[in-house]
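J.: All chains, please: the whole structure from these sequences, using the hints.
If you're matching them up, the sequences are chains E and D in order.
To convert, note that position 48 of the first sequence is 80 in the working numbering; the numbers rise steadily by one, no gaps.
To convert, note that position 241 of the second sequence is 512 in the working numbering; the numbers rise steadily by one, no gaps.
I should point out that these hints are in silico values taken from the structure, not numbers from a laboratory.
Note that this is a predicted model, so its numbers are computed, not measured.
A portion of the hints provided could be inaccurate.
Covered stretches of chain D, as calculated for chain E (at least 3 residues, CB under 8 Å) [what the hints assert, rightly or not]:
# : segment
1 : 514-525
2 : 544-553
Below, a list of computed lysine to aspartate or glutamate pairs in the EDC-like style, where the Cα atoms sit at most 20 Å apart [to be verified]:
#  : chain 1 : residue 1 : chain 2 : residue 2
3  : D       : Lys521    : D       : Glu531
4  : E       : Lys258    : D       : Asp324
5  : E       : Lys112    : E       : Glu163
6  : E       : Lys49     : D       : Glu400
7  : E       : Lys51     : D       : Glu401
8  : D       : Lys397    : D       : Glu362
9  : E       : Lys41     : D       : Glu362
10 : E       : Lys41     : D       : Asp475
11 : D       : Lys489    : D       : Glu466
12 : E       : Lys440    : D       : Glu554
13 : E       : Lys49     : D       : Glu362
14 : E       : Lys41     : D       : Asp377
15 : E       : Lys47     : D       : Glu400
16 : D       : Lys419    : D       : Glu297
17 : E       : Lys49     : D       : Glu344
18 : D       : Lys540    : D       : Asp522
19 : E       : Lys47     : D       : Glu553
20 : D       : Lys419    : D       : Asp522
21 : E       : Lys47     : D       : Glu361
22 : D       : Lys564    : D       : Asp515
Backbone N, C-alpha and C fix where the C-beta goes; we use that ideal spot for every residue, glycine too.
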Amino acid sequence: MHSFWIIFKQAFMTKAKTKSFIITTLIVVAAFFLLANVSNIISIFDGEEAEENVLHVLDQTTGLVPDLQAQFDLMDSGIKTVPTYLTEEELQESIAEGTIDDYLVLTKNGELGARYVSESANELGSGIEIENAVQAVHTALTAESLGLDDNEVGQLFMPVEFDRQAISESSKSQEELSQARGLVYVLIMLIYVAVIYYPNMIAMEVATEKSSRVMEILISSVSPVKHMFAKIAGIGSLGILQMMIFGLAGYFAIKTAGTDLTEGFFSVMGFSELKISTFLFAILFFLLGYFLYAVLAALLGSLVSRTEDVQQLMLPMMILIIIGSLIAFSGISIPEARYVTISSFIPFFAPLVMFLRVGMLDLPLWEPLVSIAIMLATIGVLGWFGARVYRGGVLMYGSSQSLKDIRKAIRLGNSK
Amino acid sequence: MALYVEQATKKFGDFTAVDNLSLSIEEGGMHGFLGANGAGKTTTFRMILGLLDPTHGTVRWKGNPITYANSPEIGYLPEERGLYPKMKVEEQLVYLAQLRKMSKADAKRETAAWLERFEVPHYRQKKVEELSKGNQQKIQLIASLLHKPSLLILDEPFSGLDPVNVEMLKGAILDFQKQGATIVFSSHRMDHVEELCDDMSILDRGKVVVGGSIREVKRSFGKQKVRLNMNADLSQLSAVAGVDHFTKTKDGALFQVADETVAQVLLAKAMDLGTLRHFAIEEPSLEEIFIAKVGKNYA
Chain E
33 MHSFWIIFKQ
43 AFMTKAKTKS
53 FIITTLIVVA
63 AFFLLANVSN
73 IISIFDGEEA
83 EENVLHVLDQ
93 TTGLVPDLQA
103 QFDLMDSGIK
113 TVPTYLTEEE
123 LQESIAEGTI
133 DDYLVLTKNG
143 ELGARYVSES
153 ANELGSGIEI
163 ENAVQAVHTA
173 LTAESLGLDD
183 NEVGQLFMPV
193 EFDRQAISES
203 SKSQEELSQA
213 RGLVYVLIML
223 IYVAVIYYPN
233 MIAMEVATEK
243 SSRVMEILIS
253 SVSPVKHMFA
263 KIAGIGSLGI
273 LQMMIFGLAG
283 YFAIKTAGTD
293 LTEGFFSVMG
303 FSELKISTFL
313 FAILFFLLGY
323 FLYAVLAALL
333 GSLVSRTEDV
343 QQLMLPMMIL
353 IIIGSLIAFS
363 GISIPEARYV
373 TISSFIPFFA
383 PLVMFLRVGM
393 LDLPLWEPLV
403 SIAIMLATIG
413 VLGWFGARVY
423 RGGVLMYGSS
433 QSLKDIRKAI
443 RLGNSK
Chain D
272 MALYVEQATK
282 KFGDFTAVDN
292 LSLSIEEGGM
302 HGFLGANGAG
312 KTTTFRMILG
322 LLDPTHGTVR
332 WKGNPITYAN
342 SPEIGYLPEE
352 RGLYPKMKVE
362 EQLVYLAQLR
372 KMSKADAKRE
382 TAAWLERFEV
392 PHYRQKKVEE
402 LSKGNQQKIQ
412 LIASLLHKPS
422 LLILDEPFSG
432 LDPVNVEMLK
442 GAILDFQKQG
452 ATIVFSSHRM
462 DHVEELCDDM
472 SILDRGKVVV
482 GGSIREVKRS
492 FGKQKVRLNM
502 NADLSQLSAV
512 AGVDHFTKTK
522 DGALFQVADE
532 TVAQVLLAKA
542 MDLGTLRHFA
552 IEEPSLEEIF
562 IAKVGKNYA
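T.: And the structure:
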């Protein structure tokens, strides 16, 4: 046990002290604060632009510009109308010269009409706002001419109540889904990055030790299996520490953001429902996913003789993770799809996909438990298999670096 | 016998890397392994270290098989240098010694002492990759014996070193032997084995072709050389019965003879030819024995 802790400590400390590790951690923490405050930051820029958001109106009606302005104010669009007395040709020239971005022509030949002219199609986004405002002016005018009072107009435009409800027990209402979605999304992202990042670290470490031949000294001191698991545990602890830093940073970033993250973008990607169980499952699935892929990575790392070859051998493993992430990310919007359900029980996808289901749906407890049991069994089998490959692999030097070497490594490990 | 290898054979598939190798080394002895690349030296060492199990045969250290239980008693210097390139010298020496169950405080103290002895105390906080090859080799040797092993296995400890450093490392290894350690080492250089070892083995394609105490090996090799320095023409002496080979040298001639009685005959005949300045019976060098036994394709 003594040497286990020495290797554990060494794996943890040497990595924790590297510049790249410290810098990565700091950057991610900074990114969290930036993201949490993104709506504040956007509003700062929006605020500035609102001042310049001037719409020139060529009014060929009987003075409807103030009514239009009233509608813009109601819609809180930040558009300022300015009546213009230039001709259309002159306005078009101004656009060409770049002194104005766009203009609106209001006409009234019986019905109210409008034409919006802008330099490029990019401006058309605000076209919808303008259309809505013109429509509102038109409605008011028509109502007036029909002799309807405000109350009657109000009734006419009352929106219907449209509520979505799902009857499956595990399913949450759309609103609930939206509330959980943001958190689950971020946590899946973290698990995804973690099961790529840390196992890669292990494969590189093992390959470095092998290529620098320090491995021969190591495994003549302690058994390769102990060495492998101590290393996996050491880097895993480092991963937990880093994830905890990220988690705390994320939590404080949201808390200090000054917005409750429920508006706009966050109405679909919500953070309003921060359930402790979601975090606990995230940690659990992170650990399971990590161990699963770390054992695989150590196995693969033990097969190469040069660090340059690591990436090549890691490719099949990376593809597994990427497929899992694609299923999980697509499942964010349809967590009840059949393919999501099935893949949540496949061990290599389960860390991401089962977490998605646990986070988004109210699953009966047996489902995640079965998935976890399957993963644990897989980790056990891989650990046993990996240890056998590892034992032989670390002694094997040669130019070949394909998966065929697994057989050679086992034979060498066995004959040992 | 402290280290005892009995009829060890190691096969990889159809390939026999080590064939029926037997070896015994007394406690405190130094045994040299000579052999071309691929002769089976490293495989033999790996079997002794317990990294590989022999297909047949046994390895015993003080009566016990070598496992991770007695690994703290063993030190190893691998042929290809094995250190963490990015780790600092002291940090890694202490780490490797700790893995062999040495306490951290002891490891630090010993590291300082060894760095001092090898005249490189200022490398303590340097990364290994920043060191020259010769200095890395010093660190490598320290890594193998820092934890005071009783069995030290050195695979090519002197390769790539300049003569000054070779002498320094030789001295350290001899001192370590005097403290009671049993040492096995391999070398390409016959003179190193000749100088340091009492016993040796020459390996060729997995087999021990010559083995035993160096003195015995030389005597039983049978061929001895007689050096005669004189001005007379010595070529006529090549016809003497028992002379296998005759070489003319700058000062006289060198005869390869079957045994010592031929040397006496040569001496008598030479004295008839004129004034003899120098007469000597020379033992064969290990190099000659090696070439005779393994073949000339060896540098």
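J.: Taking the numbered hints from earlier one at a time, note which ones the structure violates and give those numbers from smallest to largest.
T.: 1, 2, 3, 10, 12, 17, 19 and 20
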